[in-house]
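These protein sequence lines map, in sequence, to chains A and B. Take the first sequence: its position 152, counting from 1, is numbered 152 in the numbering used here, and each next residue is one higher. Take the second sequence: its position 400, counting from 1, is numbered 1400 in the numbering used here, and each next residue is one higher.
If you are wondering where the hints come from, they were derived from the structure by calculation, not from laboratory data. Treat the hints with caution; some may be incorrect.
Here are some of the chain B residues that sit facing chain A, going by a computed Cβ distance under 10 Å [what the hints assert, rightly or not]:
#1 Glu-1074
#2 Tyr-1181
#3 Ile-1217
#4 Asp-1220
#5 Leu-1223
#6 Gly-1238
#7 Leu-1239
#8 Phe-1242
#9 Lys-1251
#10 Gly-1272
Bear in mind that the values here come from a model prediction, so they are computed numbers and not experimental data. The beta carbon of each residue, even a glycine, is placed where N, CA and C say it ideally should be.
Next come the chains, spelled out residue by residue.
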Amino acid sequence: MYKILEKRELNPTVVLMEVEAPFVAKKAEPGQFIILRTDENGERIPLTIADFDRQRGSVTIIFQIVGATTKKLSMLEKGDYLQDFVGPLGKQTHTQGLKKVAVVGGGVGCAIAYPVAKKLYEQGCEVHTICGFRTKELVILKEEFEKASNKYVLMSDDGTIGEKGLVTDALKKLIEQGEKYDEVITIGPLVMMKFVCALTKEYGIKTVASMNPVMIDGTGMCGGCRLSVGGKTVFACVDGPEFDGHLIDFDEAIARSNAYGEFERHKYEAACNLFKKEAE
Amino acid sequence: MPNMSIKKNVMPTQEPSIRNQNFDEVALGYTEEQAIDEAKRCLNCKHKPCVSGCPVKIYIPDFIAKVAEGSFEEAYEIIARSSSLPAVCGRVCPQENQCEGKCVRGIKGESVAIGRLERFVADYHNKNCTEKAEAPAKNGHRVAVIGSGPSGLSCASDLVKKGYDVTIFEALHTAGGVLVYGIPEFRLPKAIVHKEIEGLKDLGVEIKTNVVIGKTITVDELLNEYGYEAIFIGSGAGLPKFMGIPGENLKGVFSANEFLTRINLMKAYKEGSDTPVLHAKRVAVVGGGNVAMDAARCAKRLDAEVYIVYRRGIEELPARREEVEHAQEEGIIFKTLTNPVEILAYNNPNDKRDPKNMSVCGMKCVQMELGDPDESGRRKPFVKKDSEFVLDVDCVIMSLGTSPNPLIKSTTDGLETQSWGGIIVNEDGLTSRVGVYAGGDAVTGAATVILAMGAGKVAANSIDEYLKTK
């Protein structure tokens, strides 16, 4: 069992949890992920590592409440325990030798982009961060990013905070202004990453996208997380989760990501009803 | 006077039309009377050919003689001397190629039902013996076992009985390896696996789940930082193979590993489970091994019409005969001499956001003919001209075998492997690294439970020799 050391709501649908997992903390690096189960009947869900503290033996995850499992997870409090917590899985973000990077995050994906930006910044790389959210109240980690970036651009779909527009608008503007990036790292919704990659391809800028497909074991066993990258089938769990964004078949990944859409909706409603009943 | 019936006592089973609707065990096991009667068919041959067919060399005629006398607990003690998982092996061993394949009674009639007797004895013991095994005195040496599947469990069992302090590291949240994620409940009830594992814990084996060796901790750290003096790698062959045909990444195409893991480990067939599984209407399982039969029979139990698609003939199916027969009885349709060439996608041209887009809507196949035997001794299939047709399915499960997981190899310097990933060992189970042993599917590629157990035993002996003389 794995104790929840801290819990914080970053916005109405995004929750931060710091979990006691010394073995995972000892090895964790930005870009890697963990798999957890909330309880005996729980499903295994992958979540990218948002932060870690080797001294404290803890790993921080940040998740959006989207389905039954994340709903259940959000109902746990500081001091409660998670049934299972395994990792670190996948390969770490490649940061060596990078001098100037644009980190492009969208929504809860910014939580995963943060440790990457932080690591790059700490190793002396010039970091330009672009974070996009639907609206003002969904913004997360603004101050943290500002501290770990040479330039921080905040975008919102409705213009309630930062500039109105999409992250691709901001990225395009920076590139057009003459910023020369060694690499663009993008983490967020599949559709957003698809368009970021399409944009950078036009300019010939190497781009890495962090994928988060459906998976079970996270060690290469089930093959559920497979993606087409450059026409080849790869497993996100062991070959990734980060891949060359110009080679990823995003349309296939988008289709695969909603394979259990109906089940998820049904389970989510069931979970909400259960919590409602408990509340009454 | 032996029982000279040329037939085995029939194994009582659930009716096919009932069992293909539930996940309860198919075979119900012999009664005491049936077991004694079957045991009397054994001729107690002096040269014991059956024992030579057993990878762990169980004293087969000796235990059968005890069954014939009705001394079931004594029979168990004889089996337990050689095998650490008799209730499992009695159910899943391919006996027709092993002990029973060598049985003299098999020459003129059917062999003695050794597997069914082994199962009977193990079940009798599990049901009637309430004594807990006592932990043996510790000798102070620590050994790490990687993986809690058949090879790891048997290696740990032998080592702990010799006094070693044994820790098993398991990547998943439940111990048992393929016995829990792969083999379905109706063929191997999970309570049996659980009981065997609890027995090991009673003997003092520590099991650490949620530890991925190669990621959470490396082999070198186990040796240098965590104080283990020897290591056994029994990490299995978990990496699923795909065919490389178009459409394999569509929604509704699964590896058998994924499909079976969702059902067996995650209990996705049960109402309360949070893990989803696709309830397809028409399922094609590609492949002909035991895993393919398991996947097909699971899909049937989820109410689908199920096809086994296999490129050679029915005679060439690599699965255990009993599994093929059970599958046929349960209504699985065998499309042998058939090979898929493409999986077809549903596409609604009027609605790009139709959630069914990019789902499986059929599988294009060709018919095959058999030519001369190839290097494996089996007749080589080739494509019949103009034989293309579309099988109407909405789900495809690829069961083409598995290869060893590269996680340990890629994080352990100096660990030599074959080009296809199998860890190279000598006859003692020793790898290219001092103090590091390996066995089971991680070495051989996908094989059987009992061969893995045999390899675990060999390595346990070698580790004992190594640490005694170190």
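To see whether the hints hold, each was checked on the structure:
Restraint check, Glu-1074(B) versus chain A: the minimum CB separation of about 39 Å is more than 10 Å; hint violated. For Tyr-1181(B), the shortest C-beta to C-beta distance to chain A is roughly 8 Å, which falls under 10 Å, so the interface hint holds. The beta carbon of Ile-1217(B) comes within 7 Å of a beta carbon in chain A, closer than 10 Å, and the hint placing it at the interface holds. Given the 10 Å rule on beta carbons, the hint for Asp-1220(B) is violated: about 13 Å separates it from the nearest Cβ of chain A.
For Leu-1223(B), the shortest C-beta to C-beta distance to chain A is roughly 17 Å, which exceeds 10 Å, and the interface hint is violated. The beta carbon of Gly-1238(B) is positioned within 10 Å of a beta carbon in chain A (closest approach about 4 Å), and the interface hint is therefore held. A hinted interface residue such as Leu-1239(B) counts as satisfied when its beta carbon comes closer than 10 Å to some beta carbon of chain A; here the least separation is about 5 Å, so the hint holds. Taken as an interface hint, Phe-1242(B) checks out: its beta carbon lies about 6 Å from the nearest beta carbon of chain A, inside 10 Å.
For Lys-1251(B), the interface hint holds, since its Cβ comes within 10 Å of a Cβ in chain A; the closest pair sits about 5 Å apart. Look at Gly-1272(B): its Cβ gets to within about 5 Å of chain A, closer than 10 Å, so that hint holds up.
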